[in-house]
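Each protein sequence line maps, in turn, to chains A and B. According to our numbering, the first sequence is numbered sequentially starting from 110. According to our numbering, the second sequence is numbered sequentially starting from 110.
Everything labelled a hint here was simulated from the structure, so no lab data went into it. Fair warning: this is a prediction, and the values are worked out from it, not measured in the lab. Among the hints, erroneous ones may be present.
[Stated by the list, open to error] Restricting the straight-line Cα-Cα distance to at most 20 angstroms, the calculated cross-link-like pairs of lysine to any residue (SDA-like) are:
(1) A:K311 to B:N197
(2) A:K311 to B:K150
(3) A:K311 to B:I191
(4) A:K317 to B:E530
(5) B:K194 to A:L307
(6) B:K194 to A:L528
(7) B:K251 to A:P538
(8) A:K311 to B:A196
(9) B:K311 to A:A190
(10) A:K150 to B:F313
(11) A:K311 to B:A190
(12) B:K194 to A:Y529
(13) B:K311 to A:P538
(14) B:K194 to A:I310
(15) B:K351 to B:E530
Protein chains: 2
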Amino acid sequence: MKVNSEEYTKKPSRRQEAVNFPVVAIVGAGFGGLNAARTLKDSPVRVRLIDRRNYHLFQPLLYQVATAGISPDEIAYPVRAIFRKQANLEFLLADVTGVELDKNLLLTSFGPVHYDYLILAVGSETNYFGLDTVAANGFDLKDLDDAEAIRNHVLFMFERANLEVDVPTRRAMRTFVVVGSGPTGVECAGALSELIRLVLIKDFPGLKIDEARVLILERLDRILPGFPEDLARAAMATLAEKHVEVHLGTGVSGYDGRQVFLESQPPIPACTLIWAAGVRAESLVDRLGLPQGRQGRVIVQPTLQAPGYPQVFVVGDAAYLEDGAVPLPMMAPVAIQQAKVAARNVLHLIGGHPPVQFRFKDPGSLATIGRNAAVARIKGFKFHGFFAWLIWLGVHLFWLIGFRNRLLVLINWAWDYLLYERAVRLITPERRK
Amino acid sequence: MKVNSEEYTKKPSRRQEAVNFPVVAIVGAGFGGLNAARTLKDSPVRVRLIDRRNYHLFQPLLYQVATAGISPDEIAYPVRAIFRKQANLEFLLADVTGVELDKNLLLTSFGPVHYDYLILAVGSETNYFGLDTVAANGFDLKDLDDAEAIRNHVLFMFERANLEVDVPTRRAMRTFVVVGSGPTGVECAGALSELIRLVLIKDFPGLKIDEARVLILERLDRILPGFPEDLARAAMATLAEKHVEVHLGTGVSGYDGRQVFLESQPPIPACTLIWAAGVRAESLVDRLGLPQGRQGRVIVQPTLQAPGYPQVFVVGDAAYLEDGAVPLPMMAPVAIQQAKVAARNVLHLIGGHPPVQFRFKDPGSLATIGRNAAVARIKGFKFHGFFAWLIWLGVHLFWLIGFRNRLLVLINWAWDYLLYERAVRLITPERRK
Chain A
110 MKVNSEEYTK KPSRRQEAVN FPVVAIVGAG FGGLNAARTL KDSPVRVRLI DRRNYHLFQP
170 LLYQVATAGI SPDEIAYPVR AIFRKQANLE FLLADVTGVE LDKNLLLTSF GPVHYDYLIL
230 AVGSETNYFG LDTVAANGFD LKDLDDAEAI RNHVLFMFER ANLEVDVPTR RAMRTFVVVG
290 SGPTGVECAG ALSELIRLVL IKDFPGLKID EARVLILERL DRILPGFPED LARAAMATLA
350 EKHVEVHLGT GVSGYDGRQV FLESQPPIPA CTLIWAAGVR AESLVDRLGL PQGRQGRVIV
410 QPTLQAPGYP QVFVVGDAAY LEDGAVPLPM MAPVAIQQAK VAARNVLHLI GGHPPVQFRF
470 KDPGSLATIG RNAAVARIKG FKFHGFFAWL IWLGVHLFWL IGFRNRLLVL INWAWDYLLY
530 ERAVRLITPE RRK
Chain B
110 MKVNSEEYTK KPSRRQEAVN FPVVAIVGAG FGGLNAARTL KDSPVRVRLI DRRNYHLFQP
170 LLYQVATAGI SPDEIAYPVR AIFRKQANLE FLLADVTGVE LDKNLLLTSF GPVHYDYLIL
230 AVGSETNYFG LDTVAANGFD LKDLDDAEAI RNHVLFMFER ANLEVDVPTR RAMRTFVVVG
290 SGPTGVECAG ALSELIRLVL IKDFPGLKID EARVLILERL DRILPGFPED LARAAMATLA
350 EKHVEVHLGT GVSGYDGRQV FLESQPPIPA CTLIWAAGVR AESLVDRLGL PQGRQGRVIV
410 QPTLQAPGYP QVFVVGDAAY LEDGAVPLPM MAPVAIQQAK VAARNVLHLI GGHPPVQFRF
470 KDPGSLATIG RNAAVARIKG FKFHGFFAWL IWLGVHLFWL IGFRNRLLVL INWAWDYLLY
530 ERAVRLITPE RRK
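Isolated chain A (complex conformation) (with noise of 0.2 angstroms):
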């Protein structure tokens, strides 16, 4: 294929009228990117958007079609879909395999690609410790397919335990692991458990609920770390009520598909094990030579700017920059308002200004542990049970992009809790071509 690179690697280019526009390359179309993007739309500036996907993904709720509550199209929408009318922006589908930092370039799965500014909000990817066998034998909730082959699995494993007569296998199968105990891990224990509870148990007469198990396995001795400790309380007595076993100071070490190893107990016989217990930053920052905190993220100035590139900015995941002490958390609202000041710093350097300092307002914390059942801290204020329950359905509601998915997604959520139904029970084949 013979690609016009030659447009996207000068500057000057026939496509958009505005020639002698700076270019302002944002990668990745996550909440950082998308915020970024649209804090241009009215500027002189030519956006160039790349993403190795053609939509932005509503993360937060990735773990509802892991768990057959919703349907992988409901979080996920067209990236030329959200930016249709911004006449200054231009989408390319690509992966990102590397940055010229000293030369302005992107490199891309479709050849160069020149930028002015460029703003990375790369994101982050799942972190397995160099537990390898994990990383094999271990499911992981970032992407679409992810959670489709959760869902896939978790169906498959009560079919083939219907068919079981070997006691100890078929309680293998019946058992789901999920390690790690923050939000993600939280969200997807509970909404296994009140799968196999609430609706599982009725499409199988004869399951014995008894051999069916969901355990959290956390290396710390509390749950939800990023929370208050007594709303980490509330949320251990709800997992408790919805039968979600938690194994605090258990940290795991190996996992081969039949049983979870773990580092100072004996293993534990299980077919499932979803890990959600860490992520750092996406791995093409390990490639640019930047200097990297925890995580891999890179260290940004006050400012995003990368150090000895002021044209580079990082947002979100890949960007670490603490607030006080303490870094700034891997979530969406710390890589939105990012997202805003770095694309407005772009705009001050474009007009000669200086860039001025990011400053994290925080808007709380939110996770829900299945019906009725939520913990929440807004501005210092902290709820659980059915009121943060509502905050956390009215706040994902409101952040989900497009007007159809907010309407699917709340039918299916009608559905489920009404009817005590997961429409999406399908088992898909994947295809072998």
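Given chain A, put chain B in place with the hints provided.
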């Protein structure tokens, strides 16, 4: 894995109370299998429904998944959810690999399964008529993964073409060849053309619309062979309005992924070929040693019994039966009606009564070409245009299983119709692990 195959091999069963009731195995959860199982709902039999998928697929709308209009889960319904209230039915997720007709035994991926009566409703598979290069490089449209693969590929071709400077290559990327002009081919081509001309043109502002082509290649001298001549002519006119190029008398001889080779014309450069030119009975029936007619279909008696095996019934696409001198078509209405008769004949045999002969009541045929356009033949009446399209909409919504699926499909159709949008324009990743 130890499977409790004994339980399924021997007649007595711990599982079901009615241990002395005869076992009716039904292979396939398509239109045939579903209707056979439902017909046996309150009868003194034990039904074992077996399918390699855990869902019933509403195939008539599969082309809408392939053209980004609806989501896979909206036309797939979990088998266990359908039969939750049918106490005499047990579902087995398994691949049936053979039948030992003399031993009343099904061979499956989970071990042998005994039956007293068997209803084979295994459906059909794509018939490439020995064109291996087409099978290797083209797409077919039989299951959800096929439809998603087409959707991903079509959207990806537009992304690639957008970056391609070589005009012939770019044109080939935007050329979509549909082979075959039955309802599937016509509906698929019409929906593709509308996807490009009404939706993607908004996603790609630089798109030269005359570089995008949708072709139907038909070996015969007319389209829609199952429809009356005048309706086929009306469909031809509508296809022309929708910029679908129909090439009659054009047989395909091969496809290398870049060029479609024709029997007596120069090749057509095209990066996409969708094969909708034929189906044949599922290859399982080739291994049964039963007499087969055209398209590998098992030649059944007028009672739908397999010759020599009165306890075995074959229905739907896998069965060959003539109505007058004309073979019954491989269509849902035939499968549904035959399944009901086969199930009733099983009950007749159990009750010591003779089985009845099958008589097809033709409800007519329907095909849509896109917005406001369809052809319909119903009990001697023929319609085309807007009214036929309304009939098409109503009939398909009616036959779709589940209130939620109907609601979601209706929302997506309204979206598409009112906003000229296709919501599911996603290039989803395929899990490689």
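| task | Tell me, in ascending order, the numbers of any earlier hints that this structure violates. | result | Failing hints, ascending: 4 and 13.
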